[in-house]
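Enquirer: Sequence:
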Amino acid sequence: MTKDTDILCIGSVLWDVIGRSASHMQQGSDVPGRITRLPGGVAMNIAMTLVRFGMSPTLLTAIGQDPEGHELVDSCRQLGMITDHIYRSEDLPTDRYMAVEGANGLIAAIADAHSLEAAGTKILLSLQDGSLGSEKAPFQGLVALDGNLTQQLLQDIALSSTFTLADLRVAPASPGKAERLMPFLAQSRGTLYVNLIEANILCQTEFEGSAAAAQGLLSRGAHRVLVTDGGNPATEADATDLITQTPPEVLVTRVTGAGDTFMAAHIAAEAAGENRDAALNRALLAAATYVSGETPL
Numbered sequence: 001m002t003k004d005t006d007i008l009c010i011g012s013v014l015w016d017v018i019g020r021s022a023s024h025m026q027q028g029s030d031v032p033g034r035i036t037r038l039p040g041g042v043a044m045n046i047a048m049t050l051v052r053f054g055m056s057p058t059l060l061t062a063i064g065q066d067p068e069g070h071e072l073v074d075s076c077r078q079l080g081m082i083t084d085h086i087y088r089s090e091d092l093p094t095d096r097y098m099a100v101e102g103a104n105g106l107i108a109a110i111a112d113a114h115s116l117e118a119a120g121t122k123i124l125l126s127l128q129d130g131s132l133g134s135e136k137a138p139f140q141g142l143v144a145l146d147g148n149l150t151q152q153l154l155q156d157i158a159l160s161s162t163f164t165l166a167d168l169r170v171a172p173a174s175p176g177k178a179e180r181l182m183p184f185l186a187q188s189r190g191t192l193y194v195n196l197i198e199a200n201i202l203c204q205t206e207f208e209g210s211a212a213a214a215q216g217l218l219s220r221g222a223h224r225v226l227v228t229d230g231g232n233p234a235t236e237a238d239a240t241d242l243i244t245q246t247p248p249e250v251l252v253t254r255v256t257g258a259g260d261t262f263m264a265a266h267i268a269a270e271a272a273g274e275n276r277d278a279a280l281n282r283a284l285l286a287a288a289t290y291v292s293g294e295t296p297l
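Final position of the sequence shown in UniProt numbering is 297; the numbers increase by one with none missing.
Don't read these hints as lab results, they were simulated from the structure.
What you are looking at is a predicted structure, and each value in this text was computed from that prediction instead of being measured.
Cβ coordinates follow ideal geometry from the N, Cα and C atoms, glycine included.
Each hint should be verified, as a subset may be incorrect.
[Stated by the list, open to error] The following label-pair restraints were derived from C-beta to C-beta distances: (1) ASN232 with PHE53: 37 to 43 Å; (2) GLN151 with LEU125: 19 to 25 Å; (3) SER219 with THR253: 32 to 38 Å; (4) THR253 with ASP66: 49 to 55 Å; (5) THR246 with LYS136: 30 to 36 Å; (6) SER131 with SER292: 24 to 30 Å; (7) VAL17 with ARG77: 34 to 40 Å; (8) ILE110 with GLU208: 28 to 34 Å; (9) GLU71 with GLN140: 20 to 26 Å; (10) ASP84 with THR246: 20 to 26 Å; (11) GLN140 with GLN26: 37 to 43 Å; (12) ASN232 with ASP66: 15 to 21 Å; (13) GLU71 with GLY33: 22 to 28 Å; (14) ILE110 with GLU90: 32 to 38 Å.
[To be verified] Listed next, the in silico DMTMM-like pairs over lysine to aspartate or glutamate satisfying Cα-Cα at most 25 Å (straight line): (15) LYS136 with ASP6; (16) LYS122 with ASP112; (17) LYS122 with GLU135; (18) LYS136 with ASP91; (19) LYS122 with GLU90; (20) LYS122 with GLU71; (21) LYS122 with ASP277; (22) LYS136 with ASP156; (23) LYS122 with ASP91; (24) LYS136 with ASP74; (25) LYS136 with ASP84; (26) LYS122 with ASP30.
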């Protein structure tokens with residue numbers, strides 16, 4: 001690990017614009033509710049949870065030098081993240097995510113991460129210039145990586161010697177981007193955090209539950225996986241063991257960021273030395289508490 005950080009969070013850091021209503025919604029619904037704008041993105045959500053667990057995450061992402069970008073970077077610093085290695089583009093605007101949630105869950109969402117995708121390898125310069133690592137001295141430590149990066153960049157990371165000594169933890173960001181994780185299956189690199197839908201997409205089949213999905217991913221070449229399925233049992237597995245636990249029952253009041261909270265809590269638990277059973281239990285509890293609305297946004 002580097003002197004200043006416990007973990008690198010690589011991926012999307014943007015503004016979340018979330019509309020929430022207590023009503024059940026469907027296409028065409030027009031209902032009262034609340035609209036919030038908060039720092040978000042997969043890498044950001046993971047980093048925020050890691051900070052709550054006492055860790056010091058370093059962000060590797062692309063943020064514009066527009067007013068929204070300056071405000072976002074300031075917010076990241078105030079929340080306890082290390083922002084020294086963020087790529088600040090003069091030409092690209094700060095990314096945004098917009099979602100609508102009802103009492104029946106996520107209705108629709110659009111992720112505009114075009115600036116992150118356009119920045120490409122520029123967000124990784126500090127891992128090559130000696131700031132955080134170099135070709136001769138690769139970064140050693142935890143890395144949380146999200147699938148908002150381009151397919152090509154994720155493939156390069158899966159093959160790169162830059163990450164040879166890193167403990168890679170990878171999430172697809174959304175079912176629509178799940179296939180971007182295929183290089184990590186092909187190379188048997190990293191720990192993959194996916195939900196059942198994303199596991200189905202990666203394996204091009206329909207699994208009956210998280211345990212079957214975990215086994216399917218391992219047979220496809222995955223090194224280690226964690227598969228969640230909402231309020232149904234979740235599974236953590238590698239070639240040596242398979243552990244399944246059922247999350248606590250809670251009233252769901254929000255869903256955006258739940259998977260990121262689960263991943264971050266699991267990483268923090270293992271970083272603190274907890275065993276596999278305890279780490280999975282802690283992650284499920286953290287995610288359940290999050291969706292119930294009992295933790296700060």
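Enquirer: For which of the previously enumerated hints does the structure constitute a violation, in increasing order of number?
Expert: 1, 4, 5, 6, 7, 9, 10, 11, 12, 14, 18, 21, 24, 26
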